[in-house]
Amino acid sequence: MKRDEGSWSPYLAGALSGLVLVLSVFATNKFFGSSTTFARTAGAIEKLFAPERTAEMAYFVKYVPKVDWQMMFVIGIFLGALIASITSGDFRLKAVPDMWERRFGSNTLNRGIIAFCGGIIVMFGARLAGGCPTGHGLSGSLQLAVSGYIALISFFIGGIVIARMLYGGGRRP
Amino acid sequence: MKILIFGLITGMLFGFFLQKGRAARYDKQLGAMRLIDMTIIKFMFSAILVGMVGVYLLKDLGMVKLDVKSTVLGANILGGLIFGIGWGVVGYCPGTAAGALGEGRLDALWGMLGMLVGAALFAEAYPALKATVMTWGDFGKITLPEVLGLNHWIIIPLFVIGGLLLFRWFEKKGL
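Chains C and X supply the protein sequences, listed in that same order. The number in the numbering used here is simply the position in the first sequence, starting from 1, with 4 added. The number in the numbering used here is simply the position in the second sequence, starting from 1, with 16 added.
Here chain C stands alone, though its shape is the one from the complex:
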């Protein structure tokens, strides 16, 4: 695959990420994860509107709505990508991805609604599976956890089937 200008080899960027993970585990015993943060944030928002009901919900008793290591980690991902893209002149405000536009057109609302719906499904699945590609795929697999491989394979089976339905097979755009 030809790389675009200013990008790093995905092998190098990935290996450096692995190194950061090892240092993070060493310093704080925290493995990377992302999806629990969405559960805690959803709980925090519900707490604003219905504090008593939220306090009694089993899921938010287990995952108390609070700012923790992982929430700061997810905010950090946003900031890190922002810094990387701005410093390399790569930051672009775009509401429709290129590949999507070639297949489905440039309507911002269409893409927004579909992304929103996909987001609902993604997070429901992640919470049921017990993690996302960060928690299961990355942190689980590298610890040789059986759950990590089962989840990772299931993620890709679901994704490959849907991608084929949306885009058809082969390389055509």
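There's no promise every hint is true.
[Unchecked claim] Result set (DSS-like, lysine-lysine): computed pairs, CA atoms no more than 30 Å apart in a straight line:
id : chain 1 : residue 1 : chain 2 : residue 2
1  : C       : Lys66     : X       : Lys157
2  : C       : Lys66     : X       : Lys81
3  : C       : Lys66     : X       : Lys18
4  : X       : Lys81     : X       : Lys18
5  : C       : Lys66     : X       : Lys146
6  : C       : Lys70     : X       : Lys81
7  : X       : Lys18     : C       : Lys51
Hint data in this document are derived by calculation from the structure and do not stem from the laboratory. Remember, it's a predicted structure, so these values are computed and weren't measured experimentally.
Knowing the structure of chain C, use the given hints to seat chain X on it.
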């Protein structure tokens, strides 16, 4: 407080590398699912291999503890498939959505709002799922070395060699 600052710095480094490796973008995520562009697989597997060697080395030195998630076949497989379906639709996973938004991809924000709704819906369904799907095929916190009865330093080199061969194949095929 210190732990929160560590989280922020760690996330910033990870987000920086995600952006540099182009691993946060919709086109790259769908490229992998369409089996035409393996950028995110290269990124992820490189991170896994380095992390695997590093974490197990530190574990053997008694400097870190593993934090393994339970293997529950019903939850892992069904949840994983549902995740995959949504992933193909939104084109971002929870971590990469934050990174994609960082590089200006506004559709990732729609995706993240959907993710919050998805988490809220799951919280509603949790009592029912906890009693059913989340108990099907519960094997506890198992790892490959335990299941296979092999030392992890037999398994890890096999993963590294397998990974490198896979990478060579990707480059040969121009994926």
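Structure-based check of each hint:
Our distance criterion of 30 Å between C-alpha atoms is met by Lys66 of chain C and Lys157 of chain X, whose separation comes to about 18 Å. For the given pair, Lys66 of chain C sits about 22 Å from Lys81 of chain X by alpha-carbon distance, which is consistent with the 30 Å threshold. About 23 Å separates the Cα atoms of Lys66 of chain C and Lys18 of chain X, which keeps this hinted pair within 30 Å; it holds. With a C-alpha separation of about 20 Å, the suggested pair Lys81 of chain X and Lys18 of chain X falls inside the 30 Å cut-off, and the hint holds.
A hinted pair counts as satisfied when its Cα atoms are at most 30 Å apart, and Lys66 of chain C with Lys146 of chain X qualifies at roughly 12 Å. Distance hint between Lys70 of chain C and Lys81 of chain X is fulfilled; the C-alpha atoms sit about 24 Å from each other, no more than 30 Å. The hinted pair formed by Lys18 of chain X and Lys51 of chain C meets the criterion: a straight-line CA distance of about 26 Å does not exceed 30 Å.
The structure shown violates none of the earlier numbered hints.
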